[in-house]
Amino acid sequence: MTQTLQHVIDAVSLGSLYALIALGVALIFGIMNLLNFAYGELIMIGGYALYFLRDLPFAFQALGAIAVVVLASVLIERIAFRPVRGANAAVLLVTSFAVSFALQSLAIVVFGARAKGVSLPSWLDDSLAIGSLRVSSLSLITVGVAVVVLVTFAIFLKRSPMGIQMRAAAESFGTARLMGVKANSVIVAAFVLSALLAGIVAILVVAQGGTVSPTMGSSLVLVAFVATIIGGMGSLSGAALGGFLLGALTVALQVLLPESLRPYRDAFLYGAVIVILVVRPGGLVAVRSALERV
Amino acid sequence: MLELDGVAVRYGRTEAVADVSLHVDAGEVIGLIGPNGAGKSTLLAAISGQRRAARGTITFQGRAIDGETPERLVRRGIALVPEGRQIFATLTVEENLRLPTFARRDVDADALIERELERFPILRTYLHQHAGRMSGGEQQMLAISRALLCGPRLLMLDEPSLGLAPKMIDAVFAALDSLRQEQVTVLLVEQNATRTVAFADRSYVLVHGRVAAQGTREELAGLEEVTSSYLGLEAGP
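Same order as they appear, the protein sequences are chains H and W.
Under the numbering used here, the first sequence has 104 at position 58, and the numbering climbs by one with no breaks.
Under the numbering used here, the second sequence has 124 at position 134, and the numbering climbs by one with no breaks.
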């Protein structure tokens, strides 16, 4: 029983992390139709910001890292993506690849290819005893942060004028503009929100691994894309749900697979993803189109 | 109010609109009819800033508006009810109505929305539900209300009766008639040529991206080619 509870907590924790990453990718995709491969590099930038701000108190280190990621995201939008805005999906995809490789290469040139250790407060490594259960602080913090962030996002998107404009733009950017929604404002807001998530993810990932490297975001962004696709392209709630499901599946397979098959965990994981897409090609939360009843 | 002079619009190498000149005066209801592929919707896309004109000039209230963004043109007073309604299905009806008011300063959004709910009372029934749940006709009411909440000086409608039951088409034209009483300037694109020409103050007939004919209902009724091809009317003496 204790063991099962432990696995559930691990699954929810990993699912929470994936949900945050997937939401960041889905925000940009929904509005710009852009699969932003450079999102992983935003997480990497956050990691290096934590490394350079390591002498500051943790609160300033964390806030500073998030601020650096937001600034980088806004600059990337202005310099790389705005000039190709409105181009077809292939052009946007290649542009995001180019930005991703450029930032990774720059990090290798400036910081070197080897991972660097980042020291964060020791309380992040503590574990709490709940009866016979031992839960790491970081797992609880990850779940707590994800819940707070997702609820805050939901309220923002539902209640604020910018949130409503972003949801409208995610459903149909062209029609939203016909209603006076300013393209630049909505896109910049999406990049800022997406960067806030990337900054938070960077802190959680660095806290878990203790290191930063130029390629630390690459595998995470792939996870985010898969989560976004199984959740339903263009659906923000679907992306978060897809992230949770992917995290839970990862942990479940790790636990349930026989030891001899565990090295192939990802093959089983993505096999399950294919099954989900065969059953629900539009993803778990298909974006609802207008019902055409006369 | 609106003047187009020799406007051409391309999709790649295809010229969807070849050479269109027309004008709309304040308070007029203008019909734009023609067969499929004549360039009617493309022309509205150019006026509303969704596509750039390859040639010619578009002037609104004495000012060239070529190349301006759709959101800027909304602020200048041009609103479009797009083909297929394009309501935001995952937003509630209230959110759909509130959206255009964010772009307007110094207006009482609640009062304006209330006015639209009085115009189309059926919308109040669905106010807090997803707009995608409504029927096609109800969605068209929402699309018209939403465009009116942009505060337009010129309201353009692209095929507002498309796919609607006859009763709903009557309701749409009744709504347009109430806008005429309010002196709203309207540019109406419709497949339903006979009804459009009868309803509009003047109409333009677009064929292969060019204006083939123009005039009032009586003037167009006198043109045999137009009446036989588009209006299904007997030509006048």
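Calculated from the structure, these hints are not laboratory results.
We put the beta carbon where it would ideally sit given N, CA and C, even for glycine.
Careful, some of the hints might be misleading.
What the hints assert, rightly or not - Heads up, incomplete: computed chain H residues facing chain W, CB under 10 Å, no partners named:
hint, residue
1, H53
2, R124
3, A126
4, R128
5, K162
6, I210
7, S218
8, G220
9, T221
10, A222
11, L224
12, M225
13, G226
14, A294
*List in ascending order the numbers of the hints, as given earlier, that are violated by the structure.*
1, 2, 3, 4, 5 and 14
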